[in-house]
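Number of protein chains: 2
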Amino acid sequence: MAQVYDRVALIGLGLIASSMAHAMREAGLAGHIAGHAKSAESRAIAEEIGLCDSIHATAAEAVQGADLVVLAVPVGAMAAVAAEIGPHLRPGATVTDVGSVKQAVIEAVGPEIPEGVHFIPGHPLAGTEHSGPRSGFAALFRNRWWLLTPLPDADADATARLRGLIEAMGAHVEEMDAPHHDLVLAVTSHAPHLIAYTMVGVADDLGRVTDSEVIRYSAAGFRDFTRIAASDPTMWRDVFLTNKDATLEILGRFTEELFALQRAIRTGDGQHLFDYFTRTRAIRRGIIEAGQDTAAPDFGRSKAGG
Amino acid sequence: MAQVYDRVALIGLGLIASSMAHAMREAGLAGHIAGHAKSAESRAIAEEIGLCDSIHATAAEAVQGADLVVLAVPVGAMAAVAAEIGPHLRPGATVTDVGSVKQAVIEAVGPEIPEGVHFIPGHPLAGTEHSGPRSGFAALFRNRWWLLTPLPDADADATARLRGLIEAMGAHVEEMDAPHHDLVLAVTSHAPHLIAYTMVGVADDLGRVTDSEVIRYSAAGFRDFTRIAASDPTMWRDVFLTNKDATLEILGRFTEELFALQRAIRTGDGQHLFDYFTRTRAIRRGIIEAGQDTAAPDFGRSKAGG
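Quick note, the sequences are listed as chains A and B, same order. Quick note on UniProt numbering: the first sequence kicks off at 1 and runs consecutively. Quick note on UniProt numbering: the second sequence kicks off at 1 and runs consecutively.
In short, the hints are calculated from the structure, not lab data. Beta carbons are placed, not taken as given, at the ideal position from N, Cα and C, and that holds for glycine. Misleading hints may appear alongside valid ones.
[Stated by the list, open to error] Quick list of the computed label-pair ranges, beta carbon to beta carbon: (1) A/GLU249 x B/THR278: 20 to 30 Å; (2) B/ILE49 x A/GLU48: 33 to 43 Å; (3) A/THR255 x B/ALA156: 25 to 35 Å; (4) A/GLU48 x B/PHE259: 38 to 48 Å; (5) A/GLU48 x B/ALA160: 31 to 41 Å; (6) A/SER39 x B/LEU151: 29 to 39 Å.
[Stated by the list, open to error] Which bits of chain B does chain A cover? Going by a derived footprint, with three or more residues having C-beta under 8 Å, they are: (7) 53-60; (8) 92-101; (9) 206-214; (10) 244-251; (11) 273-280.
[To be verified] Quick look at which bits of chain A chain B covers, simulated, 3 or more residues with Cβ under 8 Å: (12) 235-243; (13) 266-272.
Using the sequences and the hints given, assemble the complete structure.
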């Protein structure tokens, strides 16, 4: 695989950035990978495992001379990082991010990007419940979607080059506008996460069932929720605060629908329940046919390495 | 492994019963396995794949001479099956079931069990999203919990013998009373399933996001929900109708908690969200430490074969 960028700067060294480092190395996509993490502990771990070619104490130093800068910090930290690096970006460089919401990132980062630097927001739909510089692996993005939300005046060549890097890491790229991205993600990720967090909290609160029982008997169902609810608290706090409107809209519809099903249970309306459950089963088939999962009971995640 | 029962009758040939057939065969736990399914198609499949030693057109015929009868039909069908087999049960035989709720099964089945036959209700906490006689595999129960809810006057020897069979199939047995079982399961399984069904239905309803987008971009989060929501509609309808009170109680608490989190999002209370998400993360750690799952990103299910 040919080198796509001479020097890539990874700002933030969590799951996504560390997986990018592994994937870019494996395929020889970057001449030099510079890394920065805010926490000294993360930088020390990154040094220890040789994650990057150079590790820098400040983001400003890490982006020096980079032709690609990847902002891989929590959404709430994007504005501060962008303000710090703005004056140090090389003309003609591309800045992208991997945040889970896009409108808020555009508002936070956009104003800090100098003339002549290309800002192309992005979001890889890949993750595990793990975080930190040790959690990355090269196959994380393989056969996963990576959404780009370029602004209307985006440079076509810069976008094509970034696409090339992402596709070379194994992901499929799709472009859409930022508001639509945020609504799609509210449905497919943000609302489900909040719901999982809520259910896990309720279980923990319930006096008559002990935590130990909840943990022992967490068969399929609750166990999947706990995995979702174990995701990084800072990242998810920022997601909900910055994708507020779309998330609240979806939660409103969710609550309405849940009340209708509760009423069906209360009144013993078995037909309503059966019809609803039959309809939702069809969506699952669609997902399997679309290749985002497999029918195997082990979820088929191991195929993608994550 | 020594034979535990001379003749086992499996009534219903879905995931649980077919997995029991494989597990009992693998370990030589039953002298003869007789099977019955209501559907002629399921019986034909069971014949074709050699699932049992004999397949019978009626439940009454299947239980003839059996010293263990396993009711593995939807909870809503238990009363009719029990009434049919009651007069044909051999004195000294044990009847158990694998239903997801226990109080309703005791009410439905108990009155049909003749004097001298032991009724020991049970519930294996194991499953996949698949159903039918082809879906079973011997390792389904390995390292999973199998709850028994014997009545206060249960025969100790009969209970110990059933425990022996279950443990020989690789499961861990715990005993508790039926009302407590139903509350624990409402928290760990029934409410989470209803919530997952609801969220999948909402996604399907949303006009501005197409089904194809929901399917393509269903990253972790929604994808786990669709797997849960793909479970057998008949089984789940019966679960909710027969574990109504506990499920509605848990859903009530869930809704209350969800409203509090929605309010935190609306008012921008990041600290509340962060604290909540940090607390739920700890429960996940407990589950991993309790050995019900692994920290591996592929869920570790493959270890148990399901």
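Going through the hints against the structure:
1. Separated by about 26 Å at the C-beta atoms, A/GLU249 and B/THR278 satisfy the suggested range of 20 to 30 Å.
2. Under the hint 33 to 43 Å, the C-beta atoms of B/ILE49 and A/GLU48, about 53 Å apart, miss the expected range.
3. As the Cβ distance of A/THR255 to B/ALA156 is approximately 48 Å, the hint placing it in 25 to 35 Å is violated.
4. Separated by about 45 Å at the C-beta atoms, A/GLU48 and B/PHE259 satisfy the suggested range of 38 to 48 Å.
5. Our hint of 31 to 41 Å for A/GLU48 and B/ALA160 is violated, since their Cβ atoms are close to 54 Å apart.
6. The hint said 29 to 39 Å for the Cβ distance between A/SER39 and B/LEU151, and at roughly 57 Å that hint is violated.
7. Look at the region 53-60 of chain B against chain A: 0 of its residues bring a Cβ nearer than 8 Å to a Cβ of that chain, fewer than three, so the hint is violated.
8. Chain A is given as covering the region 92-101 of chain B, and this is violated because 0 residues of the stretch bring a CB closer than 8 Å to a CB of that chain, at least three being needed.
9. Given as covered by chain A, the region 206-214 of chain B passes the check, having 7 residues with a CB less than 8 Å from a CB of that chain where 3 are the minimum.
10. With a cut-off of 8 Å between beta carbons, the region 244-251 of chain B has 5 residues touching chain A; three or more are needed, and the interface restraint holds.
11. With 7 residues bearing a CB less than 8 Å from a CB of chain A, the region 273-280 of chain B meets the requirement of three and the coverage assertion stands.
12. Under the rule that three or more residues need a Cβ within less than 8 Å of chain B, the assignment of the region 235-243 of chain A holds, with 5 such residues.
13. By the rule of at least three residues with a Cβ nearer than 8 Å to a Cβ of chain B, the coverage given for the region 266-272 of chain A holds, with 3 such residues.
The structure fails to meet hints 2, 3, 5, 6, 7, 8 from the earlier list, while all remaining hints are met.
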